[in-house]
Amino acid sequence: MSIQEIQEEVIEEFGIFEDWMQRYEHMIDLGKSLPLIADEFKTEDNIIKGCQSKVWVHAELKNDQLEFTADSDAIITKGIIAILIRVFSNQHPKDILAAETDFIDQIGLKEHLSPTRANGLVSMIKQIKMYAIAFQIQLN
Amino acid sequence: MFDVNEIRKDFPILERTVNGQPLIYFDNAATSQTPNQVIEVISNYYRNYNSNIHRGVHALSQEATDVYENARQKIQHHFNAARAHEIIFTSGTTHSINIVASGYSKLLQAGDELIASAMEHHSNIVPWQMLCDRTGALLKVVPMDEAGVLDIDAYKDLLSKKTKLVFVNHVSNALGTVNPIEEIIKLAHVSGAKVLIDGAQASPHIKADVQALEVDYYVTSAHKLCGPTGVGMLYGKEELLNQLPPYQGGGEMIAEVSFEKTTYADLPHKFEAGTPNIAGGIAFGAALDYMNAIRFETIAAYEQELLIYATEQLKEIDGVKIYGEAPHKTAVISFNVDDIHPYDIGSILDKMGIAVRTGHHCAQPIMDFYKIPGTIRISFSFYNTRKEIDTLIKGLKKAILMLK
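Protein chains in written order, with this note's numbering: chain A, -18 to 121; chain B, -17 to 386.
Be aware that a few hints might be false.
Taking lysine to aspartate or glutamate and the EDC-like style, the derived pairs with C-alpha atoms no more than 20 Å apart in a straight line are [what the hints assert, rightly or not]:
| id | chain 1 | residue 1 | chain 2 | residue 2 |
| --- | --- | --- | --- | --- |
| 1 | B | Lys379 | A | Glu6 |
| 2 | B | Lys333 | A | Glu92 |
| 3 | A | Lys13 | B | Glu22 |
| 4 | B | Lys(-9) | B | Glu22 |
| 5 | B | Lys386 | B | Asp321 |
Since the hints were derived computationally from the structure, they do not count as laboratory data.
Note that the structure is a prediction, hence the values are computed from the model and not measured.
Next comes chain B alone, as it looks inside the complex (with noise of 0.2 Å):
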């Protein structure tokens, strides 16, 4: 039985106060909560076993390396990936993306496509737009509507013999929209392109299988899913991996090095120069292990309760317009009320206690598509509360009256 007081002890900040009230905690799409376990696992790598992986022939070092390597497999069965070094450990979902753009540097020639869509974080934009300026190819973008719904016969109709890669966020940041990416890969490989999925906002509440969907490249990062900031992980199918050129050069990542000439490491030490995040990379596991004991049934299912509640108690504040209403969403609600700037609602909320997110979500494009400067961004987790929305509710339309 989901217990959500019980699922609260875990999470030792939210005991904390914010301004003198009870921290509400509505910014989760931009990051997670940590709870004790994954804390745990940080600090007893710290105080146990802490040394450099991969090279020692000490005892500390080797036990750290099993436990990294044991977390990458940890990720491998939680992503269904059919190879632990396919997993690639990175900084995250940026460093993940920067990896195979910079990668498919040698790949591409002038008047190649490709393609993403129009709701895609910045981090799933530029460095594509940086790779078109090294490469002469060119990026289409497959449209939404008013809904926040991707228009898949626009993409049918983008998708040629010229497109070489897809990208799309498989949940949007700043909507919540969920893409149907199953269709948007088949549909790429019908055309023989490849497809990297931004998994960022997915992962924390969706279990995706790399092998059921196919798919050759999906990223996401750790602090999105109660494991710590500074670690995420670039999933590649093995041939398209060991196609891709090296990101950074060091140590670590080589076989052989001579000032003639350096042969690299196979996978999937080929892309992790320099010593990891390994504490990091073990709390990743770690909090993989916490979420799966809840189950991400049981968490998806709660979240959708809380999604659901809380779009009705807005819909009957007056004014209260939301972003992004696609059938099938995330935990995510974008909003404004009437004209009022989306910053001063936040600056209020954050005197209530209340933490939500206003701005563009990095998602700009999103933005000048709804003709609005930013919204207001509120993000559940399973560690919300049906209180807890009441009282943004409560605080949402007080700080309405202040503001009118």
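Okay, chain A solo, but in the shape it has when bound (with noise of 0.2 Å):
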């Protein structure tokens, strides 16, 4: 599927949520659904600054898709990484370069996305985007 696919697929989901708690529930669930991040990629260089809750991040190529496995020590923030690895894990470096991120905004999570929550989730979509430049340059 493609990043719009999942989306959309994801925006789907989200809608048939009542309520902002039905919503964290799902968050959270997602969170503890979370597959790991491997030990020997949870070190300092792959933890995103500036986060209230830390966050470890690592991206691997493989046959040219990024594949990204991520860790939160809070769970609220593991699901919205949990989103956003199934959005951009396992595709090519220049569909996530040029994919759009206001499908979370439409998910009720636009709180997540204020600078002042310190969460992280704009640090984490700027990592993201930082890998796929990498990675293309590579694949270049």
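Two chains, two frames, a set of hints: combine them into the complex.
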């Protein structure tokens, strides 16, 4: 599936929730089911700075596609990561670079985009795009 | 008679909703809300007599100067400073501390010692570390115990002839501990050291008397006590402020300027370069008027009731651990629930319209001491209610259910 298609799927999935509590419960479930990053990649280098909760992101290129693994010590943050990984993992770097991110607005998680929340969602997206740039150069 | 429902009418922001719920504001240690009486003063300034102070010959300028200088006197009287010019208007506590730390560059030598407490806000650590880098002075730290109480015996051991300056917060922002500053100041003076007290967290609850304390420098911010952001004060004893070189150069702070030599103005102007936050300074005075009309004793007594009530309620919840249980505390509670990340609980409470603080509260050394990433901090003001605490407790229980 393309990034666009996955985003639409996520939007539809969140659309069935009637209130914020159901949305958050879903996100917490997603967080709990997130496959963990391998311990060897849980390094200082892979920590995204500026987050209230710790976030580690690691990327690997497999068959011209970027695979992301990540973890956090806060469960809601983990839920957000799980969504981001679902959208951006196993995609070609150039598609990741071209992708829009306004789906986050549409699933009612806009407040997590605010820099004051310091949960690093903005930094996470930036980091994902940075990896895409780096691997895109490698592919060229 | 103190009637919280009457008081709440003074604060228009308390009528708003957040995420569809009535706002419950428990982040007062970060900044307090502003009553109509203060908002009116700011609005009135811009509507009626906005002009630059201290230099115009025209009526508006004189009017603004009079009201601004009158605010300085209100601050002087509130803190019982001996002279109005010992009150320096600053942009806030951080600015005030930097004025002193910067000035001490000229007054220290390599090997001199400074003493801080283990529970300082970063703003009362970093400027001094920078000072140590510039001068070769050494920074020593008074440790605290598990309850969040400073070890005064260890402090006595740290004090010596080499100690030049001690800086401690009156109240810890992360733990609410009220530190025994009278004793800290006395002991420092016996050793010949000067003392700066960071009063940012104490000022909304405790009326400090700088002459009775014999404190050398006392600093605070207006926005912690119902005033606006961007204005604060540095109190310093006259002779000490006279010894301290100016922090910033510019207009207002000079006596005479030529390209060969400039002489500085007298206190307080020496430290007030540039056009100040005039409306802010005036509103600072109005905020003190507002709080003094309610009386600080009344405010503190009511807030203590809230503190005791909330502490009891919190302790009944399984897994709650409170950080900072000093016998003498202001209405601040820092806590965690089991190993749930504070960020998770804070995010869910926000959805319920409850504003709390999560994180390290700019006091990372305290978090390192307890070996935690941060805490949830609730901090009360006199406009909070028991009913709001009940709503918080209910919301917190719901959040815990969701997160477990």
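How the hints compare with the structure:
1. The hinted pair formed by B:Lys379 and A:Glu6 meets the criterion: a straight-line CA distance of about 15 Å does not exceed 20 Å.
2. For the hint pairing B:Lys333 with A:Glu92, the CA-to-CA distance comes to about 10 Å; that is within 20 Å, so the pair holds.
3. Straight-line distance between C-alpha atoms of A:Lys13 and B:Glu22 comes to about 50 Å, which puts the hinted pair past the 20 Å bound.
4. Between B:Lys(-9) and B:Glu22 the CA atoms are separated by roughly 14 Å; this keeps the pair inside 20 Å, and the hint holds.
5. Taken as a hint, the B:Lys386 and B:Asp321 pair is honoured in the structure, with Cα atoms around 10 Å apart against an allowance of 20 Å.
Comparing the model with each numbered hint stated earlier shows that hint 3 is the single one that does not hold.
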